[in-house]
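Novice: Listed below, chain by chain, are the residues.
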Amino acid sequence: MGVDGIGARVKRKEDRRFITGKGRYTDDMTAPGMGFAAFVRSPHAHAKVKSIDASAALDMPGVEAVLTGEQLVGDGVGNLICGWMIHSKDGTPMKMGAWRALEPEIVRHVGQAVAVVVADTLAQARDAAEAVVVDYEELPAVVDAVAALEPGAPQIHPEAENNLIYDWEIGDEAAVNAAFDSAKHVTSMEISNNRLVPNAMEPRAALADYDEAEEHYTLWTTSQNPHVARLVLSAFYNIAPEHKLRVIAPDVGGGFGSKIYVYPEEMVCLWASKRTGRPVKWVADRTEAFLTDAHGRDHKSHAEIALDENNRITALRVKTVANLGAYMSLFSSSVPTYLYATLLSGQYDIPAIHCNVKTVYTNTTPVDAYRGAGRPEATFLVERIMETTAREIGMDPAEFRRKNFITEFPHQTPVIMCYDSGDYNASLDAAMKAADYANFGARKAEAASRGKLRGIGMSCYIEACGIAPSQAVGSLGAGVGLWESAEVRVNPVGTIEVLTGSHSHGQGHETTFAQLVADRFGVGTDTVQIVHGDTDKVQFGMGTYGSRSGAVGMSAVVKALDKVEAKAKKLAAHLMEASEGDIVVEGGEFKVAGTDKSTPFFQLALAAYTAHNMPEGMEPGLKEGAFYDPTNFTFPAGTYICEVEVDPDTGKTEIVSFVAADDFGKIINPMIVEGQVHGGLTQGIGQALLENAAYDESGQLITASYMDYCMPRADDVPSFNLMTTETICPGNPLGMKGCGEAGAIGSPPAVINAITDAIGNNELEMPATPERVWRALQAAQPAQAAE
Amino acid sequence: MATVTITVNGKKRSATVEDRTLLVNFLRENAGLTGTHVGCDTSQCGACVVHVDGKAVKSCTMLAAQADGAEVVTIEGLAQGGELHPVQAAFHEHHGLQCGFCTPGMIMAATDMINRYGAKLDEATIRKELDGNICRCTGYHNIVKAIKAAADAMAGTAQAAE
Numbered sequence: 000m001g002v003d004g005i006g007a008r009v010k011r012k013e014d015r016r017f018i019t020g021k022g023r024y025t026d027d028m029t030a031p032g033m034g035f036a037a038f039v040r041s042p043h044a045h046a047k048v049k050s051i052d053a054s055a056a057l058d059m060p061g062v063e064a065v066l067t068g069e070q071l072v073g074d075g076v077g078n079l080i081c082g083w084m085i086h087s088k089d090g091t092p093m094k095m096g097a098w099r100a101l102e103p104e105i106v107r108h109v110g111q112a113v114a115v116v117v118a119d120t121l122a123q124a125r126d127a128a129e130a131v132v133v134d135y136e137e138l139p140a141v142v143d144a145v146a147a148l149e150p151g152a153p154q155i156h157p158e159a160e161n162n163l164i165y166d167w168e169i170g171d172e173a174a175v176n177a178a179f180d181s182a183k184h185v186t187s188m189e190i191s192n193n194r195l196v197p198n199a200m201e202p203r204a205a206l207a208d209y210d211e212a213e214e215h216y217t218l219w220t221t222s223q224n225p226h227v228a229r230l231v232l233s234a235f236y237n238i239a240p241e242h243k244l245r246v247i248a249p250d251v252g253g254g255f256g257s258k259i260y261v262y263p264e265e266m267v268c269l270w271a272s273k274r275t276g277r278p279v280k281w282v283a284d285r286t287e288a289f290l291t292d293a294h295g296r297d298h299k300s301h302a303e304i305a306l307d308e309n310n311r312i313t314a315l316r317v318k319t320v321a322n323l324g325a326y327m328s329l330f331s332s333s334v335p336t337y338l339y340a341t342l343l344s345g346q347y348d349i350p351a352i353h354c355n356v357k358t359v360y361t362n363t364t365p366v367d368a369y370r371g372a373g374r375p376e377a378t379f380l381v382e383r384i385m386e387t388t389a390r391e392i393g394m395d396p397a398e399f400r401r402k403n404f405i406t407e408f409p410h411q412t413p414v415i416m417c418y419d420s421g422d423y424n425a426s427l428d429a430a431m432k433a434a435d436y437a438n439f440g441a442r443k444a445e446a447a448s449r450g451k452l453r454g455i456g457m458s459c460y461i462e463a464c465g466i467a468p469s470q471a472v473g474s475l476g477a478g479v480g481l482w483e484s485a486e487v488r489v490n491p492v493g494t495i496e497v498l499t500g501s502h503s504h505g506q507g508h509e510t511t512f513a514q515l516v517a518d519r520f521g522v523g524t525d526t527v528q529i530v531h532g533d534t535d536k537v538q539f540g541m542g543t544y545g546s547r548s549g550a551v552g553m554s555a556v557v558k559a560l561d562k563v564e565a566k567a568k569k570l571a572a573h574l575m576e577a578s579e580g581d582i583v584v585e586g587g588e589f590k591v592a593g594t595d596k597s598t599p600f601f602q603l604a605l606a607a608y609t610a611h612n613m614p615e616g617m618e619p620g621l622k623e624g625a626f627y628d629p630t631n632f633t634f635p636a637g638t639y640i641c642e643v644e645v646d647p648d649t650g651k652t653e654i655v656s657f658v659a660a661d662d663f664g665k666i667i668n669p670m671i672v673e674g675q676v677h678g679g680l681t682q683g684i685g686q687a688l689l690e691n692a693a694y695d696e697s698g699q700l701i702t703a704s705y706m707d708y709c710m711p712r713a714d715d716v717p718s719f720n721l722m723t724t725e726t727i728c729p730g731n732p733l734g735m736k737g738c739g740e741a742g743a744i745g746s747p748p749a750v751i752n753a754i755t756d757a758i759g760n761n762e763l764e765m766p767a768t769p770e771r772v773w774r775a776l777q778a779a780q781p782a783q784a785a786e
Numbered sequence: 000m001a002t003v004t005i006t007v008n009g010k011k012r013s014a015t016v017e018d019r020t021l022l023v024n025f026l027r028e029n030a031g032l033t034g035t036h037v038g039c040d041t042s043q044c045g046a047c048v049v050h051v052d053g054k055a056v057k058s059c060t061m062l063a064a065q066a067d068g069a070e071v072v073t074i075e076g077l078a079q080g081g082e083l084h085p086v087q088a089a090f091h092e093h094h095g096l097q098c099g100f101c102t103p104g105m106i107m108a109a110t111d112m113i114n115r116y117g118a119k120l121d122e123a124t125i126r127k128e129l130d131g132n133i134c135r136c137t138g139y140h141n142i143v144k145a146i147k148a149a150a151d152a153m154a155g156t157a158q159a160a161e
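These protein sequence lines are chains W and L, in that order. The numbering of the first sequence is numbering that gives the first Met the number 0, which starts it at 0 and goes up by one. The numbering of the second sequence is numbering that gives the first Met the number 0, which starts it at 0 and goes up by one.
There may be inaccurate statements among the hints.
Said to hold, decoys possible - With a straight-line Cα cutoff of 20 angstroms, these simulated PhoX-like cross-link-like pairs (lysine-lysine) come out:
1) L:Lys144 / L:Lys127
2) L:Lys147 / W:Lys10
3) W:Lys432 / W:Lys402
4) W:Lys651 / L:Lys119
5) W:Lys21 / L:Lys10
6) W:Lys243 / W:Lys536
7) W:Lys568 / W:Lys596
8) W:Lys443 / W:Lys651
9) W:Lys665 / W:Lys558
10) W:Lys536 / W:Lys569
11) W:Lys10 / L:Lys144
12) L:Lys147 / L:Lys119
Bear in mind the hints are in silico, worked out from the structure with no lab data behind them.
Only chain W is shown next, with the shape it has when bound in the complex (with noise of 0.2 angstroms):
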């Protein structure tokens, strides 16, 4: 390994454009005559639109063109799609309701636009936005999803008869019946997830450019995956056939999952352009992104678990009604069904499980993937009936936990997913370890004394990343395929271009996949560049999320350095007149192994373009592309463990300790993947005692900006103790399992196992609230209380 190679807390390359102010988000994009957009939408959850009269707008000063639903419709504008086909149980396939970028007869939730204002600048169309008048016919709304299945409850789509969308399910129902009937223990619970709001600090926003001489647009945008974007503006809503359409995704601030799909606001700037004639801006301000981003979670589940007489898990039965919101997102199908009940099994050997999921529309904003998407849902399901029922028979929770692990790989559960590597034992001894398990009492004892409830909690979680098998997830619904491509493009001088269908909009690919060619060559990571993100550049690509970048997208930049390799050493030994196989690649030259020959790369590199001097039938050129397709998920697992202060007097938390200890398999960049863990931890915690996207009873988003919807600030998380422990991953080349999800998966049941620890009450729901803290520490205690 050179100073740059794979396994180096390498510095990022990318970091000196945004600590000096000169990132390019695309907010900071300008086009000659660009006009800006500014949205109507609806007040209401759920509403006839009965007319919208613009002619005051129109008026008023700077504004180019209100446009509305009925010219979309009109224009041949497709509706959103959703991408991945689910069947019920019964054979029928999910229940899609019509979603349209601009809607021109029922809204389905609040913040749904209707229409929107394009003016000379953003004031002005803002103004004009509010002097569009729509009448409205208020209709009944729902947005809870148990109460949206009850009869009587609005009917949201007409074609989805008491608001199902699928009601599907997984395992083997029978088997799992027969071991709660010969059970020695059942522990049975419900258990909410509560819905979140991804926040990506920067907003969505768009700049669509249609150019009428050449029919072609370019949409410069926030997204994780601009290819995907692309094909879905073009095969699914007619915006413009694929070579007509430019997608750009250039810096982009964070995405969590939430930039993933094409929303309508993208399809209407594109669409607003080629009406208007102008290059249209939008950017959302929070309340916006609010109201229209997709949220996350939102699950309530019933589960039971069944032990035999040696404390032994004999099955799992779980009950899951999920909450889609108003319209089916682009991925929002897969979401509670193959994310989430395939990890059912966590990192125990279960013989049998089976999960029922049925999936609501309700009058609230769609609902898709969010960092961790099914698995956080699923973990902490697990987590938490694992704790509870350890609980109950009296027995150390990580000690009922190790009895239950899976020691032998690979494993297939009664869930679909195959396990391939992981030493469960070894994470969990780990964390155990550094947290100091062993003496917890002591400090219990002590805080005690300050008047201070102590409480430990832990998490094993496992999750599948290395999003996917293109045939696997094709046989299971999924619209695309999940492979990942690369290019390699070696420069006359010897310096090397990667292009990536991967997207970094924080990861630090611009460094991790740099030091792939630094690992492989010798060379510097200065002499490396990474492109991504314009679909002009790269030729296709299936984007970031999933923890997929490195175990898929990497290593598809692996395969194509193997070809670059296997060439530059043919030519290399035609140069040297040595053999093939003598040939060697260190330190940026290629050598002959046991002589003092050498050819430094550039002038390997410049021989191929030259192309002088060449083997019989070489192509000139130093450039491969190839594409790679996972052979299976990858399965990041590890142990967490939390440790709480409760003031009983107030009901605050405080984490007094976190310690995480992960299995990524190989590493590239330790500060990188340090990084995500303590993001994700971050993103966890705040579920499990912050974040909550409440609506009242009309529909209307309580939690719609930074005033009401509390997100984690420096002062509401400690530092992190991380370590990892190393099971390679036999699935791909570099042994990666991927590290971006796991922090928000792993840690909320951590939290919720200490707090309820601390108090002597496991009733305690997320977010775990001061207020919700201290009246189930009330309950716990009524006699203390009463004092």
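Take the given structure of chain W and dock chain L to it, following the hints.
Specialist: Here is chain L on its own, set in the frame of chain W:
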């Protein structure tokens, strides 16, 4: 409309703007300095922090007209002669940024914090002082480390100069 003249990063910038124009819009649109970001509408996120007459200010909370005649330093004006400011260098060194969107505000807030506390800055104070800056990527861990390191480095430099 108001004609506003603000010295931004040492350069006088004049523009006639609508009265309601915020300082952040003046900086981004009139001065062409897009390093200062807008992440919310409620003065909560701190992505827009700049220095006005030497003090950290959320530039979305101030009208451009209120800054008439003021000296403003933005993230673009922090590095001197191509040399990174110690806080910028510390954010790079300690991986205190990921997507980079909150970073300009973080760095400007941190610089002001160090100016006020100097070497006395400890972790608890840094975390409390960062209450007005939201980051969604880093979990704050490395931001806190970076600010502490910068405070120590700047105190060391100040001491050496004495």
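Novice: Hints first: check each against the structure and report whether it holds.
Specialist: Okay, the hints, checked on the actual structure:
1. At roughly 14 angstroms between alpha-carbon atoms, lysine 144 of chain L and lysine 127 of chain L fall within 20 angstroms of each other, so this suggested pair holds.
2. Between the alpha carbons of lysine 147 of chain L and lysine 10 of chain W the distance comes to roughly 18 angstroms, so the proposed pair stays at or under 20 angstroms and holds.
3. Distance hint between lysine 432 of chain W and lysine 402 of chain W is fulfilled; the C-alpha atoms sit about 18 angstroms from each other, no more than 20 angstroms.
4. Pair hint lysine 651 of chain W plus lysine 119 of chain L does not hold up; C-alpha atoms about 28 angstroms apart against a cutoff of 20 angstroms.
5. Pair hint lysine 21 of chain W plus lysine 10 of chain L holds up; C-alpha atoms about 18 angstroms apart against a cutoff of 20 angstroms.
6. Under the criterion of a C-alpha separation no larger than 20 angstroms, the hint pairing lysine 243 of chain W with lysine 536 of chain W is consistent with the structure, at around 14 angstroms.
7. Among the hinted pairs, lysine 568 of chain W with lysine 596 of chain W is consistent with the structure: their alpha-carbon atoms are about 13 angstroms apart, no more than 20 angstroms.
8. Proximity of lysine 443 of chain W to lysine 651 of chain W is assessed by CA-CA distance (about 17 angstroms); at most 20 angstroms being required, the pair is judged to hold.
9. The straight-line distance between the Cα atoms of lysine 665 of chain W and lysine 558 of chain W is roughly 17 angstroms, inside the 20 angstroms bound, and the hint therefore holds.
10. In summary, the hint linking lysine 536 of chain W to lysine 569 of chain W is not supported, as the alpha carbons are separated by about 28 angstroms, beyond the 20 angstroms threshold.
11. The hinted pair formed by lysine 10 of chain W and lysine 144 of chain L meets the criterion: a straight-line CA distance of about 15 angstroms does not exceed 20 angstroms.
12. At most 20 angstroms may separate the alpha-carbon atoms for a hinted pair to count; lysine 147 of chain L and lysine 119 of chain L meet this at roughly 10 angstroms.
In summary, the structure is inconsistent with hints 4 and 10 from the numbered list given earlier, while agreeing with the others.
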